[in-house]
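Chemist: Sequence:
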Amino acid sequence: METQIMPLEESYQAVVVDQAPSSDRAFLLANTLPTSLREIQQQHIIPVYSKDNEPLISHGDFIESTMETVLRLFPSESVLEPSIRVSHPIKGRIPSARNKPAKDLEEWERTLYYERAAFVIEVPTIQDTVGGNQLSLTIGGVKAYNLDSLHQKKGVDEHFKIFIGFQNQVCTNLCVCSDGYVADLRVKSLAQLITEIEGMIRRYQINQHLSLMKQLTDYYLTEQQFAQLIGRCRLYQYLPQVQKKDIAPMLLGDQQVCMIAKDYYRDQSFCREADGSISLWKVYNLFTGAVKSSYIDTFLDRNVNSLDLTSGILQTLQGLQTSQGWFVQ
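Per this note's numbering: the sequence shown = residues 3 to 331.
Rather than coming from a laboratory, the hints here were simulated on the basis of the structure.
Every residue, glycine too, gets a C-beta built ideally from N, C-alpha and C.
Some clues are possibly wrong.
Below, simulated EDC-like cross-link-like pairs (lysine to aspartate or glutamate); rule was C-alpha separation at most 16 Å, straight line [claimed, not checked]:
#	residue 1	residue 2
1	Lys93	Glu108
2	Lys53	Asp159
3	Lys216	Asp130
4	Lys93	Glu111
5	Lys190	Asp310
6	Lys264	Glu275
7	Lys190	Asp150
8	Lys216	Asp310
9	Lys190	Asp63
10	Lys264	Glu225
11	Lys156	Asp303
12	Lys53	Asp150
13	Lys190	Asp159
14	Lys93	Asp106
15	Lys155	Asp54
16	Lys155	Glu56
17	Lys156	Glu56
18	Lys93	Glu109
19	Lys93	Glu117
What follows is a list of derived Cβ distance ranges for each label pair [stated by the list, open to error]:
#	residue 1	residue 2	range
20	Gln317	Asp54	50 to 60 Å
21	Gly278	Gly94	49 to 59 Å
22	Ala185	Ser98	36 to 46 Å
Please work from the sequences and hints to get the whole structure.
Modeler: Structure (structure tokens):
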């Protein structure tokens, strides 16, 4: 591994595995559909700015540029084809079919693009094991056209989310930390986007991220503490603002919190122990598993928030005062 290209500490050793096929596992569910880069490039139209008819950076350009950047920065590693999820279809038709009933439209008369897209690119030859689970390095991002000002001219900011972290191969949950996440990236060109993606990858501190996740395997919540965590996650949404400002944010909604409670008993990989206790590593994966039911434009923020919340609880168990301590004290 060329450490001058990839910003990994020299102590980290990649484990070489055989090349795997394209990654097509569902890292995100909710209202999304799977698609491929080829389909996006060949079948989806590209939105334009209404003032000058210039195209935005398309989903295809974003994904392809990220892929090329990953291949350039990891020349000795195996890199899988991107796994892509899309939502919010924008349907149209060509002018000559404007008077046809929708049921009579030929396929070539229809136009389509998706307002929102999320993707992950897995590097399976850079991996580690945490809590008995194999993790693979993963890079990806989100593009949502609804955040852009389509009524403007080309040259205004275009909005993206990008990340680097790990994917848990047991459950396809993403493990993303705040140091590997850019939540509100604004660029004016594809060249600027590529520069930002490369900068994020180079800044990422892989050993610190892995070390934090491994610490989660050594600490446990009792059944009572876990029940309090679930209850206070439900209460958090309704706290008075004056009280909420002194507590660390919790971004998951009631639907996700209910899924966590259910999977505490039923999840095959991350359920409780026989005595009701549960490791913080399993708690973290219950959170990231529930996050997969979020919409495309919120799931990364909720994923990062899951680690922030769990690591804050870890510090509380270690005797430190944290704003996340409210959830278990």
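Chemist: Check the following: the C-beta atoms of Gly278 and Gly94 are separated by a distance inside 49 to 59 Å.
Modeler: Given range 49 to 59 Å: holds, Cβ gap about 55 Å.
Chemist: Do Ala185 and Ser98 keep their Cβ atoms within the hinted range of 36 to 46 Å?
Modeler: holds, 43 Å
Chemist: Just to be careful, I want the Cα atoms of Lys190 and Asp310 compared with a cutoff of 16 Å; is the pair within it?
Modeler: Distance ~31 Å between Lys190 and Asp310 Cα, so the pair is violated.
Chemist: Take a quick look at whether Lys264 and Glu225 sit within 16 Å of each other, Cα to Cα.
Modeler: It holds: about 14 Å lies between the C-alpha atoms, which stays within 16 Å.
Chemist: Does Glu117 lie within 16 Å of Lys93 when you go C-alpha to C-alpha?
Modeler: Measuring from Cα to Cα gives roughly 10 Å; hence the hint holds.
Chemist: Does the beta carbon distance between Gln317 and Asp54 stay inside 50 to 60 Å, or does it fall outside?
Modeler: holds, 51 Å
Chemist: Just to be careful, I want the Cα atoms of Lys216 and Asp310 compared with a cutoff of 16 Å; is the pair within it?
Modeler: holds, 15 Å
Chemist: Between the alpha carbons of Lys190 and Asp150, is the straight-line distance 16 Å or under?
Modeler: holds, 11 Å
Chemist: Mind checking the alpha carbons of Lys155 and Asp54 for me, to see if they're no more than 16 Å apart?
Modeler: holds, 6 Å
Chemist: Please work out if Lys155 and Glu56 have their alpha carbons no farther apart than 16 Å.
Modeler: Holds: Lys155 and Glu56 sit about 7 Å apart, inside 16 Å.
Chemist: Take a quick look at whether Lys93 and Glu108 sit within 16 Å of each other, Cα to Cα.
Modeler: holds, 13 Å
Chemist: Lys93 and Glu109: Cα distance at most 16 Å?
Modeler: Holds, at about 12 Å.
The earlier numbered hints that this structure contradicts are 5, 11.
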